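Asks: Spelled out from the first residue to the last, the chains are:
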Amino acid sequence: MMHLLQQEVPLSLYLLLSAVLFSLGIMGFLIKRNLITVFMSIELMLNAVNLSFVTFAHHWHAVKGQIFVFFVMMVAAAEAAVGLAIIIAVFRARATLAVDRIDLMKL
Amino acid sequence: MHLILFLLFAALCLAGAVNLLFQTHPINSALSLIVVMTSLAVLYLLLGAEFLAAAQVIVYAGAIMVLFTFVVMLLNAGREERTLGSRASWAVGFPAVAVMLAILATVVLHIQGLGGASFGDNLSSQPGETNLDQLSQVLFTNLLLPFEVTSVLILVAILGAVALARHTEPERTGSK
Numbered sequence: 071m072m073h074l075l076q077q078e079v080p081l082s083l084y085l086l087l088s089a090v091l092f093s094l095g096i097m098g099f100l101i102k103r104n105l106i107t108v109f110m111s112i113e114l115m116l117n118a119v120n121l122s123f124v125t126f127a128h129h130w131h132a133v134k135g136q137i138f139v140f141f142v143m144m145v146a147a148a149e150a151a152v153g154l155a156i157i158i159a160v161f162r163a164r165a166t167l168a169v170d171r172i173d174l175m176k177l
Numbered sequence: 483m484h485l486i487l488f489l490l491f492a493a494l495c496l497a498g499a500v501n502l503l504f505q506t507h508p509i510n511s512a513l514s515l516i517v518v519m520t521s522l523a524v525l526y527l528l529l530g531a532e533f534l535a536a537a538q539v540i541v542y543a544g545a546i547m548v549l550f551t552f553v554v555m556l557l558n559a560g561r562e563e564r565t566l567g568s569r570a571s572w573a574v575g576f577p578a579v580a581v582m583l584a585i586l587a588t589v590v591l592h593i594q595g596l597g598g599a600s601f602g603d604n605l606s607s608q609p610g611e612t613n614l615d616q617l618s619q620v621l622f623t624n625l626l627l628p629f630e631v632t633s634v635l636i637l638v639a640i641l642g643a644v645a646l647a648r649h650t651e652p653e654r655t656g657s658k
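Protein chains in written order, with our numbering: chain A, 71 to 177; chain B, 483 to 658.
Hints were generated in silico from the structure; no laboratory data involved.
Here the structure is a predicted model, which is why all the values come from computation and not from measurement.
Possibly wrong hints are sitting among the right ones.
With a straight-line cut-off of 20 Å between C-alpha atoms, the simulated EDC-like cross-links for lysine to aspartate or glutamate are [claimed, not checked]: (1) A:176 x B:615; (2) A:134 x B:563; (3) A:134 x B:611; (4) A:134 x B:532.
Chain B stretches covered by chain A per the calculated footprint, using a threshold of three residues with CB under 8 Å from any CB of chain A [unchecked claim]: (5) 485-499; (6) 620-626.
Cβ atoms here follow ideal geometry from the backbone N, Cα and C, with glycine treated the same way.
Using the sequences plus the hints, can you model the full thing?
Replies: As structure tokens, this is what we get:
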């Protein structure tokens, strides 16, 4: 039991978790049919990449990876504000959130 | 301790992400995304990124997700109707995701000398220097210009959001 308490976690597990989360984000992007949840999948992908950054920052003992995550967070906040404003504008114009019916630019 | 915490919160993270996919109501998806982000904050803490863990909870799980739930409620988004989606996403998208995940997993599991993380890790080699010390040292000296440019980006985003979401009523402009 003491051995289990002091065992260290290989960083590849963190990277694997990040890859799985990113794939789940892409799956959500493809599966979901609601504009807001599609947008949430993008946030999930951003979070997965952030986990990779923090893992590599830990590996190289470099704080710059963490600073990059900080900037990603700021950009994600700006992106969420603008994206949700666009969603509100789309909803006002089309009165729907279903991505199948927002197809004006589709071939 | 580290292993137990990692397994616990990685499982919570994956469960939240899978739940996001299978929920049909957007508010349930938003709540499971909050679970994912909060568990990620714990993982950041385990990797010695205390400031980012706090920022993750405040910015992501707090501000951004409040914005999401606010929009879900404002637009009264109901259950999504499940359709099959486009043929391209089934023919190209899902196989591509599977291949990408397989490649990433094999590469990640075969990297040599990646090392491990143990409990109470800190990036710093000097005693007494915290993660916040290091981060602010670099952020406010070497990277001061990008940091200030980010504030302009946020300002532009605020103005853009207001301009996009404002209700323009051209027929009532003269009545005021």
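Asks: Would you mind marking each hint as holding or not holding in the structure?
Replies: Hints and how they fare:
Of the supplied pair hints, the one linking residue 176 of chain A and residue 615 of chain B is violated, its CA atoms being roughly 50 Å apart against a limit of 20 Å. Between residue 134 of chain A and residue 563 of chain B the alpha-carbon distance is near 43 Å, which puts this suggested pair outside the 20 Å criterion. Of the supplied pair hints, the one linking residue 134 of chain A and residue 611 of chain B holds, its CA atoms being roughly 16 Å apart against a limit of 20 Å. The hinted pair formed by residue 134 of chain A and residue 532 of chain B meets the criterion: a straight-line CA distance of about 14 Å does not exceed 20 Å.
For the segment 485-499 of chain B, the stated coverage by chain A is satisfied: 7 residues place a CB nearer than 8 Å to a CB of that chain, which reaches the threshold of 3. Counting residues of the segment 620-626 of chain B whose beta carbon lies closer than 8 Å to any beta carbon of chain A gives 3, which meets the minimum of three for the stated coverage.
Hint violations for this structure: numbers 1 and 2, all remaining hints satisfied.
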